[in-house]
Amino acid sequence: MLNSWYDSIVQVGEFSLLSAVVVGGGLWLLNQNQAQADELLDDISVENALAKLNEGIAKTEVIIHQIIQEAVNHPQIKTLQDQLSQLHLELDRQEIQIAVTGSKSVGKSTVIQTLKNVEGLSKHSLHFVETSPLFAEIGENSDLVILSKLQTSDVVLFLTNGDLTNSEFQVWQKLKALKQPTLLVFNKQDQYIAEDRNIILQSLQQKTGGNVVATAVSPLPVKVKKHETDGTIQEWMEQPAPNIQELTQNLGQILSAQAQYLVCKTTLRKVLLLKAEAKNCLNQIRGDRSSPIIEQNQWIAAAAAFANPLPALDILATAAINAQMVVDLGNIYQQKISLEQAQQVAATMGSLMLKLGLVELSTKAVTGILKTNAITFVAGGVVEGVSAAYLTRIAGLSLVAYFEQQEIALETGNGLNLEKLRQVLQTVFQQNQRMAILETFVKQGVKRLLPDTKPVEVV
Numbered sequence: 002m003l004n005s006w007y008d009s010i011v012q013v014g015e016f017s018l019l020s021a022v023v024v025g026g027g028l029w030l031l032n033q034n035q036a037q038a039d040e041l042l043d044d045i046s047v048e049n050a051l052a053k054l055n056e057g058i059a060k061t062e063v064i065i066h067q068i069i070q071e072a073v074n075h076p077q078i079k080t081l082q083d084q085l086s087q088l089h090l091e092l093d094r095q096e097i098q099i100a101v102t103g104s105k106s107v108g109k110s111t112v113i114q115t116l117k118n119v120e121g122l123s124k125h126s127l128h129f130v131e132t133s134p135l136f137a138e139i140g141e142n143s144d145l146v147i148l149s150k151l152q153t154s155d156v157v158l159f160l161t162n163g164d165l166t167n168s169e170f171q172v173w174q175k176l177k178a179l180k181q182p183t184l185l186v187f188n189k190q191d192q193y194i195a196e197d198r199n200i201i202l203q204s205l206q207q208k209t210g211g212n213v214v215a216t217a218v219s220p221l222p223v224k225v226k227k228h229e230t231d232g233t234i235q236e237w238m239e240q241p242a243p244n245i246q247e248l249t250q251n252l253g254q255i256l257s258a259q260a261q262y263l264v265c266k267t268t269l270r271k272v273l274l275l276k277a278e279a280k281n282c283l284n285q286i287r288g289d290r291s292s293p294i295i296e297q298n299q300w301i302a303a304a305a306a307f308a309n310p311l312p313a314l315d316i317l318a319t320a321a322i323n324a325q326m327v328v329d330l331g332n333i334y335q336q337k338i339s340l341e342q343a344q345q346v347a348a349t350m351g352s353l354m355l356k357l358g359l360v361e362l363s364t365k366a367v368t369g370i371l372k373t374n375a376i377t378f379v380a381g382g383v384v385e386g387v388s389a390a391y392l393t394r395i396a397g398l399s400l401v402a403y404f405e406q407q408e409i410a411l412e413t414g415n416g417l418n419l420e421k422l423r424q425v426l427q428t429v430f431q432q433n434q435r436m437a438i439l440e441t442f443v444k445q446g447v448k449r450l451l452p453d454t455k456p457v458e459v460v
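Take any residue in the sequence shown, note its place counting from 1, add 1, and you have its number in my numbering.
To be clear, the hints were calculated from the coordinates, so they are not data collected in a lab. Hints may contain errors.
[Claimed, not checked] Straight line, CA to CA, 30 angstroms or less: simulated BS3-like cross-link-like pairs of lysine-lysine:
{"id": "1", "residue 1": "Lys444", "residue 2": "Lys365"}
{"id": "2", "residue 1": "Lys60", "residue 2": "Lys421"}
{"id": "3", "residue 1": "Lys208", "residue 2": "Lys175"}
{"id": "4", "residue 1": "Lys150", "residue 2": "Lys271"}
[Claimed, not checked] Simulated DEER-style distance windows between Cβ atoms:
{"id": "5", "residue 1": "Gln114", "residue 2": "Val73", "range": "44 to 50 angstroms"}
{"id": "6", "residue 1": "Gln192", "residue 2": "Gly253", "range": "21 to 27 angstroms"}
{"id": "7", "residue 1": "Val225", "residue 2": "Gln203", "range": "48 to 54 angstroms"}
{"id": "8", "residue 1": "Gln82", "residue 2": "Thr373", "range": "49 to 55 angstroms"}
{"id": "9", "residue 1": "Thr441", "residue 2": "Glu71", "range": "25 to 31 angstroms"}
{"id": "10", "residue 1": "Gln206", "residue 2": "His66", "range": "45 to 51 angstroms"}
{"id": "11", "residue 1": "Pro222", "residue 2": "Ala258", "range": "32 to 38 angstroms"}
Beta carbons are placed, not taken as given, at the ideal position from N, Cα and C, and that holds for glycine.
My request is simple: use the sequences and hints to build the entire structure.
Next comes the structure, spelled out in structure tokens:
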């Protein structure tokens, strides 16, 4: 079991880290796609991990420096700098941090208290952290904060009191994808008859690849009968001792064999999380600077298309994407793009929009909303004007999303990743196709183009 557990934590990915980074009062979901991870560790040696760690710290320092350059008084700078300074001390940490998680009433507190009383479990100091119960809140991202905290622990004990539910299995898979060192603990096994207990244990082993230990940390009291010599029978309830031998044996082996490795990998995860938090902070700063540029260009495109309606979809797509907007947004994101390159990018995006059907879909959606108001619908050029503004906005938001994924460009000439841009375009378009968003945008467009017209009423 120890070997299979060790193999399961060989790799760590930066953008596969699933965490809830609290920024500006909101939760930021880091990219969950393992295929997009750009900093995987294929070598299990501590030396290799240290090299990656130093590289991550250097990149994080660059991002924090960029934040200072672009927003010297930003309130998050001090926090990021303090966290980075603390990470330099992490490798010397002698305390092993163990997180205990699971849904409500699986025995988290009792497991921690019992393990604290075990002598000789590890030569290192152990610090146990109990997370809030999983699945306590309804919502797709309700457990993001818990998952984020788990990534800063050296070892995770994932408790369940039966076969894994679908929700529990999804969390297990996320931890596995993150290469988070995790032991699945089947607690309260004494509450099942032997046959059912074996069935559950076998199912857990099949689902998780064998990383399962069975315990009864607080066994149910058992009735004891004593037959006296005079023929009387005495009965009483007796509390059995905790059954944690399998847990302490496996956990002890892990801590004995991999303590330095665990601390190193946890420190690396913390560095990557901090880098992601810093990058998100920088992206928010740049996003605030990008919004006025996108809005200015979308209304310029709207006015031009309204004054000179161009019903042909290819012409509409071309008119919607301004090369200067590409240059301006690129400058904000430190992407050195010449005007000639920007013209190529604009043409490429227009072509992609046509091939993906985004132009036709947008025009139809705008037309459908405008049909609810006869005055605005018959006004020449309104459909083209609002559609051009909408497409310009989609293009601008897509460029922002694309640039956010790039590192700071050191020189001009970096080619555009067309496949990634296509994916970003589709994602941004889908996010902005919700009817409420479209209706609001159309109302804004009509107000811009026909300021004296009664507001659009959507039936």
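Check: Which of the numbered hints above does this structure break?
Finding: Violated hint: only 7; rest satisfied.
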